[in-house]
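Participant: What follows is each chain in one-letter form.
Number of protein chains: 2
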Amino acid sequence: MIKICVIGFGNVAQHLIKAVNNSDLLEITQVYSRTIQTESNRIVLDRFVNDLDLIKDADVYIISVTDDAIRHISSELNFENKLVVHTSGSSSIENINSKNRRGVFYPLQTFSKNKEIDFKEIPICLETENPEDYKTLENIAKCISNHVFNISSPQRKALHIAAVFVNNFVNHLYFIGSEICKENDIPFEILQPLISETVEKIKTLEPQAAQTGPAIRNDIRTIDSHLLFLQNENYKNIYQILTRSIQNHVKKL
Amino acid sequence: MIKICVIGFGNVAQHLIKAVNNSDLLEITQVYSRTIQTESNRIVLDRFVNDLDLIKDADVYIISVTDDAIRHISSELNFENKLVVHTSGSSSIENINSKNRRGVFYPLQTFSKNKEIDFKEIPICLETENPEDYKTLENIAKCISNHVFNISSPQRKALHIAAVFVNNFVNHLYFIGSEICKENDIPFEILQPLISETVEKIKTLEPQAAQTGPAIRNDIRTIDSHLLFLQNENYKNIYQILTRSIQNHVKKL
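In order, the protein sequence lines correspond to chains A and B.
Start counting the first sequence at 25; every next residue gets the next number (the working numbering).
Start counting the second sequence at 25; every next residue gets the next number (the working numbering).
What the hints contain is simulated information worked out from the structure, not anything from laboratory work.
One or more of the hints may lead you astray.
Since the list gives no way to pick out one identical chain from another, each pair is judged satisfied if it fits inside one copy or across any two copies.
With a straight-line cut-off of 20 Å between C-alpha atoms, the simulated DMTMM-like cross-links for lysine to aspartate or glutamate are [said to hold, decoys possible]: (1) Lys181 <-> Asp243; (2) Lys123 <-> Asp91; (3) Lys181 <-> Asp248; (4) Lys166 <-> Asp75.
Generate the whole structure from the sequences, applying the supplied hints.
Facilitator: Structure, rendered in structure tokens:
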């Protein structure tokens with residue numbers, strides 16, 4: 025059994041605890057939370073502590089708190105030379121206090137409180153300072169997910185930025201699409217099959233090969249008529265910049 | 025039986041022919057193609073014509089050719105006062121020659137030649153000049169799809185623009201995400217579950233409610249560090265404009 029102490033009880037921590045609990049090879053020793061939890065998460069109800077000094081011996085300490093709190097909470101731990109990792113996509117491994125052996129255990133997914141998630145399908149990105157610790161994290165990760173990757177801090181930063189493009193910005197384009205529909209009394213659901221197919225396509229094709237539309241066809245007449253139609257200056261601006269980006273990219277092919 | 029003549033033999037026409045052929049209530053009378061097809065599509069092998077003057081009587085004539093060719097081919101038809109429709113998302117109903125009763129039969133999906141598609145799930149957008157013709161198109165559409173909508177030409181234009189945002193532009197953001205991964209030796213597949221979840225979310229949430237990330241949190245520190253990391257001026261520009269758009273929108277909430 026690998027003994028795991030979870031520090032923090034936010035969305036990521038709660039999903040992680042459930043996943044760890046489903047494995048016979050892993051054991052949650054304790055869960056630290058500033059406010060003792062009574063109602064939620066009966067799995068670990070008897071193992072909550074609200075004082076860092078009460079933390080007992082474990083193989084790994086997983087800090088799952090806000091980015092800003094990682095430095096502080098890792099410095100407050102009253103032990104040394106243990107394996108302490110965080111779960112953040114946007115924090116460096118350096119944010120963990122160096123009195124312990126540091127690592128990162130980052131599950132790359134958007135977690136929502138009330139939505140069940142199949143952890144087996146979530147990619148877990150690992151980083152450690154030494155190879156033995158990597159082995160430990162890898163053993164844990166493979167118990168709860170089928171997709172485990174060795175990702176350095178600079179790579180994780182790049183990954184986080186790429187995630188902003190394919191998740192945050194994509195969702196914003198869905199928003200703009202839904203606004204254009206609303207303004208014209210069109211049910212947004214008409215676009216759902218197209219949205220799903222856009223994702224399906226890149227499971228087998230490179231995004232570059234999957235590109236369609238007036239920009240890549242260099243269909244100036246359609247592009248001009250779209251720009252004329254768009255009254256919202258912001259949408260028009262985004263339309264122009266993304267069209268130009270598609271066209272400039274095609275030239276480079 | 026509703027008798028349908030298909031004019032054109034591109035991607036959309038071929039998928040449409042298959043779907044029509046699966047219905048007991050619909051019949052393909054003829055398929056016009058400039059070059060007579062011999063190998064492909066055995067379903068209608070005996071019904072090809074390559075001369076518009078050979079077209080026989082039908083209830084509906086579906087023109088499925090490139091946008092630019094609709095005007096010309098509809099003017100070349102040697103009959104009048106029949107129901108003639110096109111399948112284009114970006115052409116007005118007016119592009120069909122007015123000697124016939126005009127309509128639009130637009131299946132909103134990206135069709136690829138070698139990919140089977142479940143037509144039942146494809147939204148079909150209909151428009152006609154008079155109510156009886158609408159009934160005819162609706163009867164046909166409901167035989168092949170579960171999702172039929174009455175969409176005017178201005179609405180169809182708006183829909184096409186919205187589709188550019190949620191399909192073409194979204195795919196380009198996937199491309200940028202994949203490029204950032206490549207440049208940093210990260211397998212793009214790490215992002216696949218996140219990409220899928222982004223789409224799953226808006227099946228139950230409005231895109232506005234599903235928005236996450238540094239822009240909507242107004243997390244200036246993360247945004248600045250991302251901009252510093254991005255060397256490509258084009259990516260940086262897109263990052264800034266979409267971030268600003270998310271932030272300006274949030275203020276309006």
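Participant: Would you mind marking each hint as holding or not holding in the structure?
Facilitator: Results of checking the hints against the structure:
When the C-alpha separation of Lys181 and Asp243 is checked against a cutoff of 20 Å, the pair qualifies only between copies, where the shortest distance is 15 Å, while the shortest distance within a copy is 37 Å. For the identical chains of this complex, Lys123 and Asp91 are intra-copy neighbours only, at 19 Å inside a copy versus 68 Å across copies, given an alpha-carbon limit of 20 Å. In the homo-oligomer, the alpha carbons of Lys181 and Asp248 lie at most 20 Å apart only across protomers (13 Å), although the nearest pairing inside one protomer, at 38 Å, exceeds that limit. Within a single copy, Lys166 and Asp75 get their C-alpha atoms no closer than 30 Å, and across copies no closer than 64 Å, so neither meets the 20 Å cut-off.
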